[in-house]
Amino acid sequence: MFIRNDKINLDNRMIALIKYRAGNIASVSNALDRLGAEYFLAETPEQLDKADGIIFPGVGHAGSAMESLKENGIDEWLINTNKPVLGICVGMQLLFESSTEGNTQGLGVIPGALQKFDSSVEKVPHMGWNTLSDRTDHFLFDGIDEDEHFYFVHSYYAPSSEYALANCNYITDFIAVTARDNYLGVQFHPEKSGEAGAKVLKNFLDSVY
Amino acid sequence: MLTKRIIPCLDIKDGRTVKGVNFLELRDAGDPVELAQRYSDEGADELVFLDITATLEKRKTLVELVTRIAKHINIPFTVGGGIKTVDEIEELLKAGADKVSLNSSIVKNPDLINEASDAFGAQAIVAAVDAKKNAGSSTWNVYIKGGTEDTGMDALEWMKEVERRGAGEILLTSMDRDGTKSGFDLELLKLVNSIVKIPVIASGGAGTIKHCIDAVQQADSDAILAASIFHFKEIEISDLKAQMAENGLPVRITA
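Heads up: the protein sequence lines correspond to chains A and B, in order. For the first sequence, my numbering begins at 1 and goes up steadily by one. For the second sequence, my numbering begins at 1 and goes up steadily by one.
Only chain B is shown next, with the shape it has when bound in the complex (with noise of 0.2 Å):
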């Protein structure tokens, strides 16, 4: 039976791997390589990088990073952060990224997912998307440039779009949940699985056990990803993947 994956994310500025609540404080946090290897030990099912470097010498740095994940970590992993060009997106699959996933850029420039996926096949091409609740109704709005700026797009129409120019998975941020632990936005999410025929990883909210089974059982969610609770260890991924399994969701139980 196909398995609900567990995703940690790993936030990288310069090569490395920071931590911080809200990007506020970021702090160093080691290298992106050592990490993502004890997630892997620990039972993650896929990966997922996300650059959030501003200097010019960004791309250089992740390319580099992207060569030595892939020498040493035998799961999937997707790159994201900034990705604009179907050149770039070449060159970080080349070095050994599985998927790159494009936020901003595709929104801007929609024909990317479709160039990107006819190169390279829709499975190497996540549509991360960032929403944010429109107050006192049931729609959500995309907003870009690290959930600052509202698009004006109503978010189900855009994953409904991104879907038919051949993205072949979507990473929906609810903008409301992100950072609060208070769970994720299941009404968003049900709305989406219901609405799309690629999977979903749920992300934005995580903050207990509970929270993320509820997101596969109620949601119906593909997989979850998240950040800070792993990085803390508030949650250690085979406690995660225990407790869904006991609830019957299948998970990938590795030793």
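Chain A extracted, bound-state conformation (with noise of 0.2 Å):
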């Protein structure tokens, strides 16, 4: 079952989906499409300029994405932008300021550093379905209950802080959901969450339309 939607956009406004190599284009835009959403794809800080808000995906390492993000000199202007930018997975993680995988500086626009789970507490990578804790009141959870599960693959996570919309708890409390001024981040796959995740994506979309 699809959450469908006649073309939600009313005014033209427009997303743009970053493409670089280490974002998972398919899954993402499958999911906008299935949303009715209005976007495009973003290699260039010209493209991006185009855009209304902007949604951020990662897959892989932190530091070839970071490396990718460079290339294009997409790094700095998302550094500079004042629209609405939503990260997922690693997209989420670069927004921080450093991570230890592969001594990676990130975006830094959320302070915070990302640390490795303990493999010697745990199986690692945090991999399948959690909840969330200590959710704050946001739109990004409009209409999704408390109990929602989410589908979560990652080996890094940023150490729970103001900046948690909401936490997931694995190992140890860390950052499930982030916000700070325009930057958003989620560290779940909200493209491969189901019904509830494919809302995360819809109160984006709405907050940007």
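One or more of the hints may lead you astray.
Part of the chain A face toward chain B, derived, beta carbon under 10 Å [stated by the list, open to error]: (1) N30; (2) A31; (3) S119; (4) V124; (5) T136; (6) F141; (7) G143; (8) E146; (9) D147; (10) K192; (11) S193; (12) E195.
Since the hints were derived computationally from the structure, they do not count as laboratory data. Ideal Cβ placement from N, Cα and C applies to all residues, glycine included.
Starting from the two chains in their separate frames, assemble the complex, guided by the hints.
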């Protein structure tokens, strides 16, 4: 069962989906298609200038993802923008200052440093469906029950901080959803988290449109 | 709390779902996307598509199918069956698969795990291991080619190696139990789960809800994979999850 909407874009506001080497474009664009969203793929700062909101996906290694962003100057654009940005998984991780994965410097728009899960405690990666905790009131959660599950797959995590809109617990409390100013990020994969995930994406789209 | 995953497996031939017992008397069972959608609606946490096509046109059909699945299905899915190269993996991931499952090819060319894991991330690489117990001992050997060829390799050593080389997950099938519906090989699963530090999907032998509960409760498995019991509706995913929850196991209950 999908959430299907008629075109929800009222005045030609556009979402850009950042296309770079580490982005899981197919999954996110399929999810946006299922929502009937208006979006385009952006590979350069000039293209991003035309967008009203940005979805910043990412899979794989934080270091190589960051390298790939720098190639086209997308890193600088993201740091300086006032437009709403939604980072997904590694995209969310790169919003933070740094990651111990490949000793990577992130965009640094949200304070915090990514750590690796301790595999002597539990299996790593944290892979599968988990719930959120300490949820703050936020439009991203509109219409989503407190006990909904989301699909996570990651080996590094952002330690819980004042920038958490919600935490998740695996080995330790970590940030599942983050926000600072115009930057939002989700550690889970909304595009793979069934209807609950689709609602998160739709809530972001609705905030831009 | 991280939940235990229930993963139906769909066998694919020439782009269609097939059903059969032990790969005998294969019958067309319809469109994989429709069956996948049904499983997803019933509460499946992930899906595995295993391509058993043996023709040259295979890859093209499979990529087309993966593209179609990815358009419709909003839960993670893995694709496996005869994948041999980094290029093939890339093609399937780009088409929208979340993970690929590698089996015989990594036994012949273990470096493929490292190469694929470096290129796409460990989370995208599932090492599928078919293990068969050696008579009269508590050791298991790795089998390939659908369980027909004994490699002579020790299964536990091999699973440590696939982890070291960068696999993100292990799909462990007991050849002794596969198709028997007599329960999972708990002895093997317990050993593996105490040795490796990546998630393990238990496969082979599911016949009852209790078997699935045992694989999680007694052998600490992270996920359960089964084909026929779900295909033939011998067990409803929602019933399985409800009973797992009653037994105190963390599961994702969908409305």
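Comparing the hints with the structure gives:
1. N30: holds, 5 Å
2. A31: This interface hint holds because 7 Å falls under the 10 Å limit.
3. S119: holds, 4 Å
4. V124: Because about 6 Å separates V124/A from the closest Cβ in chain B, which is inside the 10 Å limit, the hint holds.
5. T136: violated, 20 Å
6. F141: violated, 17 Å
7. G143: violated, 13 Å
8. E146: With a closest approach of 14 Å, the E146/A hint is violated.
9. D147: Hint on D147/A: holds, closest Cβ of chain B at ~9 Å, below 10 Å.
10. K192: Interface hint status for K192/A: holds (5 Å vs cutoff 10 Å).
11. S193: holds, 7 Å
12. E195: holds, 7 Å
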